[in-house]
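Chain by chain, the residues run as shown.
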Amino acid sequence: MTGAGITPSRKFIEEVETRSAQPVSLCYQCKKCAGGCPMSFAMKPYNCDLLKLIKLGEKEAVLRSNTIWLCVGCKTCGARCPNGIDISKINDTLREMALACGIKAGEPRTAAFHASFLATVKTFGRSYEAGTIGLFKLKTASYAQDLGLGLKFLAKNKLKLLPDSIKRAGEIKRIFRKAKEAGQ
Amino acid sequence: MKATYYPGCSLHSTAAEYHDSISFVCKTLGVELVELDDWNCCGASCAHATNHYLATALPLRNLIIAEQAGNDVIAPCAACYNMLRAADRAVRAQDCQAAKINDDLEEIIGARYGATIETRHPLEVFGSREMLQRIGAATLRPLKGLRVVTYYGCLLTRPKDVVAFDNPEHPVKMDKLLTALGAEVKRWSYKTECCGGALALSRTDAVAALVAKLVTEAGRAGAQAIVSACPLCQVNLDTRQTQVVHPMPIFYFTELMGLAFGAVGADRWLRKHIIDPAPVLAALAKGE
Ligand code: SF4
Ligand code: SF4
Chain F
1 MTGAGITPSR
11 KFIEEVETRS
21 AQPVSLCYQC
31 KKCAGGCPMS
41 FAMKPYNCDL
51 LKLIKLGEKE
61 AVLRSNTIWL
71 CVGCKTCGAR
81 CPNGIDISKI
91 NDTLREMALA
101 CGIKAGEPRT
111 AAFHASFLAT
121 VKTFGRSYEA
131 GTIGLFKLKT
141 ASYAQDLGLG
151 LKFLAKNKLK
161 LLPDSIKRAG
171 EIKRIFRKAK
181 EAGQ
Chain Z
1 MKATYYPGCS
11 LHSTAAEYHD
21 SISFVCKTLG
31 VELVELDDWN
41 CCGASCAHAT
51 NHYLATALPL
61 RNLIIAEQAG
71 NDVIAPCAAC
81 YNMLRAADRA
91 VRAQDCQAAK
101 INDDLEEIIG
111 ARYGATIETR
121 HPLEVFGSRE
131 MLQRIGAATL
141 RPLKGLRVVT
151 YYGCLLTRPK
161 DVVAFDNPEH
171 PVKMDKLLTA
181 LGAEVKRWSY
191 KTECCGGALA
201 LSRTDAVAAL
211 VAKLVTEAGR
221 AGAQAIVSAC
231 PLCQVNLDTR
241 QTQVVHPMPI
251 FYFTELMGLA
261 FGAVGADRWL
271 RKHIIDPAPV
281 LAALAKGE
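Taken in sequence, the protein lines are chains F and Z.
Note that UniProt numbering numbers the first sequence so that position 62 is 62, with each residue one more than the last.
Note that UniProt numbering numbers the second sequence so that position 154 is 154, with each residue one more than the last.
Keep in mind that the hints were calculated from the coordinates and are not lab data.
There are no misleading hints in this set.
In silico contact screen, one side only, chain F against chain Z (beta carbon under 8 Å); selected entries:
hint, residue
1, Met39
2, Ala79
3, Asp86
4, Leu99
5, Ala112
6, Leu118
7, Glu129
8, Lys152
9, Lys156
10, Leu159
11, Lys160
12, Glu171
13, Arg174
14, Lys178
Pairs of lysine-lysine residues, derived as PhoX-like cross-links and limited to a Cα-Cα distance of at most 20 Å, are as follows:
hint, chain 1, residue 1, chain 2, residue 2
15, F, Lys104, F, Lys137
16, Z, Lys272, F, Lys158
17, Z, Lys160, F, Lys32
18, Z, Lys213, Z, Lys186
19, Z, Lys191, Z, Lys160
20, F, Lys55, F, Lys11
21, Z, Lys144, Z, Lys176
22, Z, Lys100, F, Lys178
23, F, Lys173, Z, Lys100
24, F, Lys122, F, Lys180
25, Z, Lys2, Z, Lys27
26, F, Lys137, F, Lys152
27, F, Lys180, Z, Lys100
28, F, Lys160, F, Lys122
29, F, Lys152, Z, Lys272
30, F, Lys122, F, Lys137
31, Z, Lys191, F, Lys32
32, Z, Lys272, F, Lys160
33, Z, Lys272, F, Lys156
34, Z, Lys191, Z, Lys176
35, F, Lys44, F, Lys31
Using N, Cα and C, we set each Cβ at its ideal position, and we do this for glycine too.
Just need the whole structure built from these sequences, with the hints factored in.
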């Protein structure tokens with residue numbers, strides 16, 4: 001055991017590297033990724049520090065962090081990393097792992113938004129904004145948020161009140177079923 | 001030129017003016033758009049964020065239907081464009097999970113994707129030398145005196161192995177296009193900085209801070225407006241300028257093309273904006 005009481009474990013990093021196909025081990029902490037990350041001001045820990053925790057095998061801390069849910073997938077980190085590490089892909093993997101383990105999301109509202117959006121796609125084959133917003137508000141009890149904006153959109157005929165369903169919506173339901181079978 | 005048009009969900013709702021202006025511009029430039037039959041949502045950032053299988057399977061279904069129609073795909077939404085290209089690239093690279101998903105889709109819809117077509121963003125299509133010449137010729141009312149910055153956002157040019165039509169850190173296609181229309185394109189260093197659109201509902205506070213930074217910097221660069229090539233960026237920037245001292249209008253690049261081409265119905269597109277672009281354009285009209 002090390003002085004800090006941490007036993008570095010290879011198991012977690014191996015799992016993350018295999019599932020994300022990203023060479024986490026190559027990270028030498030230059031922090032170019034954090035320097036360009038638009039969300040770093042709200043992340044705890046920073047994206048580069050998340051990689052350090054993965055190397056240390058700190059699975060709990062990583063999967064509970066808000067970092068993975070605040071990453072917007074802009075791929076600035078990947079474009080700038082001298083070692084070719086795309087942290088957005090790592091975060092995609094970590095979110096899936098967190099959901100699979102039933103860990104409460106570090107940013108519950110973000111997780112609720114993704115789930116609401118995908119629920120409308122599963123039902124209609126297309127996303128349905130009014131439905132997404134409705135589900136999201138139910139999940140997060142944020143009824144008043146953006147009410148004025150929603151009304152403006154309606155007035156400008158930019159928000160459909162009724163969903164737009166595709167003809168072969170059954171195919172989409174089967175795709176979602178396959179995704180579930182695939183363990184996701 | 002004939003192309004399969006993949007509008008994605010937003011061009012039929014929150015980005016109706018993008019849809020209308022693109023239709024007009026394509027007609028003017030001789031690009032025939034045929035909407036993809038029975039297209040489905042590509043899953044956008046939500047599938048990508050939480051479900052790897054869906055992030056490939058949903059765009060792949062669209063590509064299979066498009067391949068049957070035989071033409072290349074034009075996808076004006078940067079997120080859709082990115083998702084479709086990523087699925088296409090995964091199949092081309094013979095990624096084993098993508099191959100398995102392709103098998104599943106063959107079982108579900110009776111066909112698989114053979115990667116014989118390309119997906120393009122309209123900026124890529126309009127950015128060719130031949131098209132720029134045609135655009136110059138179609139410009140009846142040059143946008144003289146309009147000062148803008150171009151905003152590409154994140155998904156249009158990254159990652160570079162998937163979406164490679166322009167430089168990932170310093171794209172120039174939109175700059176050239178707007179210059180051809182007669183606008184003055186200002187330099188700034190936020191062309192590809194993400195606006196946070198994916199968190200617009202869940203972390204509105206953080207997104208408002210990102211938007212404020214972009215709009216403030218655009219103003220500092222001397223621009224009167226920001227020009228966007230993505231419906232998610234446009235809506236996000238147009239609606240989240242709550243912390244901005246001097247809000248500015250956000251145009252779709254196709255709206256400015258339409259204005260320069262003398263489109264009759266252009267004011268119908270512009271009326272759909274939350275931040276009114278009329279004051280900025282009034283100066284343009286006077287200059288004529
Ligand atoms: S840019 Fe790459 S090498 Fe540098 S800290 Fe970030 S992930 Fe590590
Ligand atoms: S992809 Fe995520 S981690 Fe990387 S720079 Fe963008 S927000 Fe930050």
